[in-house]
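Asks: Based on the provided sequences and hints, a complete structural model is requested.
Residue 21 in UniProt numbering sits at position 21 of the sequence shown, with consecutive numbering throughout.
Think of the hints as simulated: they come from the structure by calculation, not from any bench.
Incorrect hints may appear among the rest.
[Said to hold, decoys possible] Simulated pairs of lysine to any residue, SDA-like, Cα-Cα distance not exceeding 20 Å:
1) 379 <-> 230
2) 113 <-> 30
3) 76 <-> 351
4) 270 <-> 109
5) 114 <-> 30
6) 109 <-> 40
7) 270 <-> 344
8) 160 <-> 182
9) 270 <-> 343
10) 160 <-> 138
11) 76 <-> 276
12) 109 <-> 136
13) 379 <-> 260
14) 109 <-> 36
15) 135 <-> 163
16) 109 <-> 53
17) 114 <-> 36
18) 160 <-> 173
19) 113 <-> 230
20) 276 <-> 174
21) 114 <-> 138
22) 373 <-> 333
23) 76 <-> 350
24) 24 <-> 191
25) 370 <-> 72
For clarity, every value in this text was computed on a predicted model and none was experimentally measured.
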Amino acid sequence: MNNIQTTTRVVPDENGRFGAFGGKFIPETLMNAVTELEIAFEEARRDPAFVQELNGLLSEYAGRPTPLTYAERLTKAVGGAQIYLKREDLNHTGAHKLNNALGQALLAKRMGKKSIIAETGAGQHGVASATVAAKLGLSCKVFMGEEDIRRQSLNVFRMKLLGAEVIPAVSGSRTLKDATNEAIRHWVSHVEETFYVIGSVVGPHPYPYMVREFQKIIGEETRSQVLQMLRRLPDEVVACVGGGSNAIGMFYPFIQDESVALRGVEAAGKGVDTEKHAATLTLGRPGVIHGSLTYLLQDESGQVQEAHSISAGLDYPGVGPEHAYLKDTGRVTYTSVTDAEALEAVQVLCQTEGIIPALESAHAIAEAIKRAKEMSSDKLVVICLSGRGDKDVLTIQEALTAEGGE
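Replies: Written out as structure tokens, the structure reads:
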């Protein structure tokens, strides 16, 4: 069983920097809290008892390892490279978010915290946080944009059923950015008794590093499974990027494998030639958001621009600082996929493999289909299927109906 003790730490450095990116850009009132968290995490990751408890929950509660599935009919329909799916949608709660939520909630309990808070966009991190709070006996508040509450009503009901309080964010675009702002405001006022479970590789150090460590199990399992099944490494690995937690989890164990191309896929929304997109790495420039320096969608005055995606989970104007670093070093290639292309990918995967993907994952599928068509049949592409699609069914139905579909 893989565990979080195996990491050779290259980035971030001792200051929480991924090259020029990352760091701690936070109010003075939070500095003690993140320093306390940094120390607690370093102690926990070296404590065999903590690692054993986390690995036990990942195996016996979350259902890991998740399968690596050969997408035979999709491969035949596309023509070109062989396509495999890393099935994070089969995790308990239906998304990769549970890996990180379990790790952070265990850490909260170890630090003596009784309450956790979380922010969520698509609701998958909110459900995962509510789930682990119930499992470990912690109280839970989830901050969620009012627009996302409308788009993800089923996940809101799940959170409440699990005992969490869902608090709407009603400012700005009423999406993930605004939910994160509200969560940080609450954290500032209740920092002594509250642990903030951040859902992606964003925020001040040590969050981007810590979330990567809890999510890298995705890539470690994938690498091991591909080698066991096919006696070789994949030629390309593809994952969607909003904040970027599933992508970092998938990419990190392949970083040193130079033969493996890594591709992150952002939301182009209505198109990168419009103002309705969330293509932060494609069109953003360095700036500070939610406690770290990273690529950011901003106007000429440095004000944060609203992001847009049909996927609530990708509707974020920033990105994890490690992705910013990987873009600038050239180790990962980042591209973008429109809402329409993602919707088409949902239908293709449904009709070839009998799997309804999350709209987030559909962006990776759409890009992988484009890439596979350009490759020969002896090549191998792996897609991170980061979440289940039932949460998005109403959004998909509305969009396809508007297009004149059935």
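Asks: The structure should be examined with respect to each hint, and the outcome stated for every one.
Replies: Structure-based check of all given hints:
1. 379 <-> 230: Given that 20 Å is the threshold and the Cα spacing comes to 12 Å, the pair holds.
2. 113 <-> 30: holds, 16 Å
3. 76 <-> 351: Distance of about 13 Å is within 20 Å: holds.
4. 270 <-> 109: violated, 43 Å
5. 114 <-> 30: holds, 18 Å
6. 109 <-> 40: Roughly 11 Å between the alpha carbons, so the hint for residue 109 and residue 40 holds.
7. 270 <-> 344: holds, 14 Å
8. 160 <-> 182: holds, 19 Å
9. 270 <-> 343: The hint holds at about 12 Å.
10. 160 <-> 138: Holds: residue 160 and residue 138 sit about 14 Å apart, inside 20 Å.
11. 76 <-> 276: violated, 34 Å
12. 109 <-> 136: Since the Cα atoms of residue 109 and residue 136 sit roughly 8 Å apart, the hinted pair holds (cutoff 20 Å).
13. 379 <-> 260: Roughly 11 Å separates the two Cα atoms, so the pair holds.
14. 109 <-> 36: Holds, at about 14 Å.
15. 135 <-> 163: holds, 11 Å
16. 109 <-> 53: Cα-Cα ~12 Å, so holds.
17. 114 <-> 36: Roughly 16 Å separates the two Cα atoms, so the pair holds.
18. 160 <-> 173: The hint is violated at about 23 Å.
19. 113 <-> 230: violated, 45 Å
20. 276 <-> 174: Distance ~15 Å between residue 276 and residue 174 Cα, so the pair holds.
21. 114 <-> 138: holds, 5 Å
22. 373 <-> 333: holds, 18 Å
23. 76 <-> 350: Holds - the C-alpha atoms of residue 350 and residue 76 are around 14 Å apart, at most 20 Å.
24. 24 <-> 191: Judged against 20 Å, a Cα distance of about 16 Å means the pair holds.
25. 370 <-> 72: holds, 16 Å
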